[in-house]
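Participant: Sequence:
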Amino acid sequence: MVLDDPEEIIRVWDSYADAEFRYASTDGTIHDHGEQNSKRREQLPTRRDILHRFLDREIDLETFRSEMVSAEASNRLWGFSGTSGGMFLNMLISTAEPDHEPELPALLRELLIAPEDTNAASEKIRRLEQRVEAIRSNIDNVQKAPHAGSIPYFLSYFWQLQEPDSFPIYYKSIRDALSDLDIWEPSGDLAEDYVEFWELNEEIRETIEDHTGKEIHLWGIERLCLYWLNKEQIDKPDTTQFFWINSASTGWYQEGGETFYKTTQTDGTERRNIEAYNQAQPGDQVLVYRNAPRRAIVGKAHVTEGLHEEYVESYDGPAEGITIAWDRSLEGVGWDSITTLPQLEGNPVVESNNPYVVTELSEDAYNTLLRLAEAGGPNHYWVTSNHRQWDVQSMGKGEEVFYTATSKAGSPRNQQEAFETAGAGDRVLFYASSPTSALVGEGTVVEGLHTEQPEGYEGPVEGVTIRYDGSVGPLDWSTVESVPEMADSVVIRTNGRGAIFPLPEEAFEALRHRNPIEDQIESLRGRLSQLSVSVHLPDELYFESEAELQRQIQASLNSGKHIIFTGPPGTGKTKLAKHVCEHVAAAQGEIVDGYRFTTATAEWTTFDTIGGYVPNRTAEGDELVFQPRIFLDCFRRDGEIRNEWLVIDEINRSDIDKAFGQLFSVLSGDSVQLPYERDDPVEIASLDESASAERLESIVTTPDIFPVTPSWRLLATMNTYDKTSLYELSYAFMRRFNFVHVGVPPLEEDGKVRTSLLDPNGDENYATAWVKADESLRDVLETAYKQTAVVWHKVNQHQTIGPSIVRDLLGYLAAAGPDVSTDPGPALTDAVVALVFPQLEGMAPQAQRSLVDSLTATSVQTEAGPVDLTLDGDRLERKAEDFFDLPPRADE
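Just so you know, UniProt numbering puts 606 at position 606 of the sequence shown, and the rest follows in order with no gaps.
Careful: at least some of the hints might be erroneous.
Unchecked claim - Ranges of calculated distance between the beta carbons of each label pair, as one might list FRET restraints:
| no. | residue 1 | residue 2 | range |
| --- | --- | --- | --- |
| 1 | His513 | Thr601 | 46 to 56 Å |
| 2 | Glu509 | Asn246 | 45 to 55 Å |
| 3 | Glu215 | Ala248 | 48 to 58 Å |
| 4 | Asp519 | Thr601 | 36 to 46 Å |
| 5 | Ala555 | Ser671 | 23 to 33 Å |
| 6 | Arg497 | Asp763 | 26 to 36 Å |
| 7 | Glu215 | His450 | 54 to 64 Å |
| 8 | Asp176 | Gln416 | 37 to 47 Å |
Just so you know, these hints were derived from the structure itself, not from any lab.
None of these values were measured; they are calculated from a predicted model.
No residue lacks a Cβ here, since even glycine has one placed at the ideal position from N, Cα and C.
Required output: the full structure, derived from the provided sequences and hints.
Facilitator: As structure tokens, then:
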């Protein structure tokens, strides 16, 4: 039995209960017993996880140290950051001899596991004590070595993380309280002292439980002892004052360290702001600022004695001043962050560039600075504003806005956690989601989550108050995405869908200091050069006159012309147009961003191609907004200036005048203002290298101007057969294009069918290109290329089809099964019906009948000798009569 007088404990507990279980920490701060215990329970899993990952060898010792120190810096609920905790661990690691360095993690993994009983606890303490004494006996500077007296606290802290209600932490405050109550004094034997301390805590717990009839946690005994040590702080009215001091010396930056701040300099000159010295009283709270090596708040302290006189050796006599005691180090908050705080407006620290040694602070300013310094500086956030809620672009410097955490309908906004974590002093960047869709300003959180009654809400709601500090950018979304520091941010991962997002500091600074206007002007100017490309045709396509075709395309593009590819169906016009775009974008990526593809329709109007007014889905009422379409998207999309070429397939399916409208002028290199407005009139601006800097700046900063650069091209396709059945192209329209014909080579030479065009084993031809792209076609080509060549020739004598349709015929044969290798005729019959017959619509019935008859010809003269077609004539005839509605042959 260690506890001799249980009644003394009962008396103190009853006094603690009368104080409503409130206690004061050593710096005078008042805490609530239950609230602090709840905070510990919230944080316990985090610290326990760090410990278990170290014990399980999932992290190394340095990571363990770093994460544990970081956890304590964020929430100082166990006091681990002091000399007996984090500093002790740092010294253990830093003084480990290289030869024995691997032994330390293994030793700690044994000692930090919670002991089974008092004997095991005693043994663990003695083992670490031996290690520390060995370090101290072998080190040159013993000041850098860990102190053995810290061992019981150090080990018991980790034991309690594992079993919070079994192991008391060897706090100095508990030992001091027990000594003050004449209950217990340590003997100096660390192991025995902790065992007695442990047993005494259990006896105290049992005494209080018997007295109250309630279960008592070991944390309750910690709080009881703190209450006893600082009980006078509980009863006195809270007249705490708050100060900022500029510190030139670090010698007192330690637990128990004190310094005397004098009201005069060595020559007797009175310091400025003498009123602050007169006001300071014991218990007042102090933030310690260091100007070097970093301009930052580095520590927290408190006044232990107000204005009094002391003998100062350097003064060779007495001097007046105040005594300040060190509480703890802080992660720090730098000068740049301090100067932006709304809470310091009008304070000499900011207004007069920190002129005094001691400066008064408001409680609000002190709490904001302390919060930031504990966290290592402000957090950073991205705040999305919708101009229907509040228009950030209309705000003046210093204006404040209350950003509600819920909508008017009561729904929580996205990223709700950010509303809860944002606090006074945190920095924000404002993104205007509409109409500009750009990052436009910066600001500071004035007050974290709190309740107000905003206009338009039925009752009070929670939100944060933010001050607008000034403009940035503007940075459009594509610029934001391009910033490397934003790559892994939640803003990018969610495409900015939300209200408030946390931002890494480096991303915040990268965005804040980005000057996009100059960058975008230079980028746009770099796109104003004329196009100069060398075009290569696609490997998977074969063109007999490849050099000629390549020359025509290349000359057209480099002379500033747009292109319409014409020719019969199946000649590869569409694939060729896409390939040219892809090739140019790859070769000229600095001025061409790719291409967009669309197929023309007869219903097209300028609403489909250029754009028009549509209902605003995000607004109430009947508001209309202009929405750009595919043509304008080539030049600007989501605010970003683009140069995407446009490929229009089957262009003559559209009514050109109705579909293209004002684009006629653009194709000639003229600018045109459209009959629409958003924030500004919508304009398509044709540019060249003579464009002025002012013109380029207006384009960069005006999202409603769509710039067309000299290297932009429109590529279109048109089937020759459609010229008479679809819309005609006007001469005015055609004048803006070069027409490049993509035809079919002669399929007969000297009266013989050119089977060499489809010979897979011949020189370069269609078959070799197809086999190169798809080796599975080789067998069917070797079996059927002669008959296929003859079929192609027979069809083209009546209606020209291109090689792509022949490639589809061969694909059909390859999928038809192994019988094709014996006789391709039946499968070729089916393929002709499925793939060729649709191309014969519109032919005269006599021509259709003649073509069908020719597909069963025999002894056809070819380069490879006579060829007999083995297609099923009867089936072809029946299918043709059904397909083309031909009368039976007997009726003709």
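Participant: Indicate, hint by hint, whether the structure satisfies it.
Facilitator: Hint-by-hint comparison with the structure:
{"no.": "1", "hint": "His513 to Thr601: 46 to 56 Å", "in the structure": "holds, 48 Å"}
{"no.": "2", "hint": "Glu509 to Asn246: 45 to 55 Å", "in the structure": "violated, 26 Å"}
{"no.": "3", "hint": "Glu215 to Ala248: 48 to 58 Å", "in the structure": "holds, 51 Å"}
{"no.": "4", "hint": "Asp519 to Thr601: 36 to 46 Å", "in the structure": "holds, 39 Å"}
{"no.": "5", "hint": "Ala555 to Ser671: 23 to 33 Å", "in the structure": "holds, 27 Å"}
{"no.": "6", "hint": "Arg497 to Asp763: 26 to 36 Å", "in the structure": "violated, 58 Å"}
{"no.": "7", "hint": "Glu215 to His450: 54 to 64 Å", "in the structure": "violated, 36 Å"}
{"no.": "8", "hint": "Asp176 to Gln416: 37 to 47 Å", "in the structure": "holds, 44 Å"}
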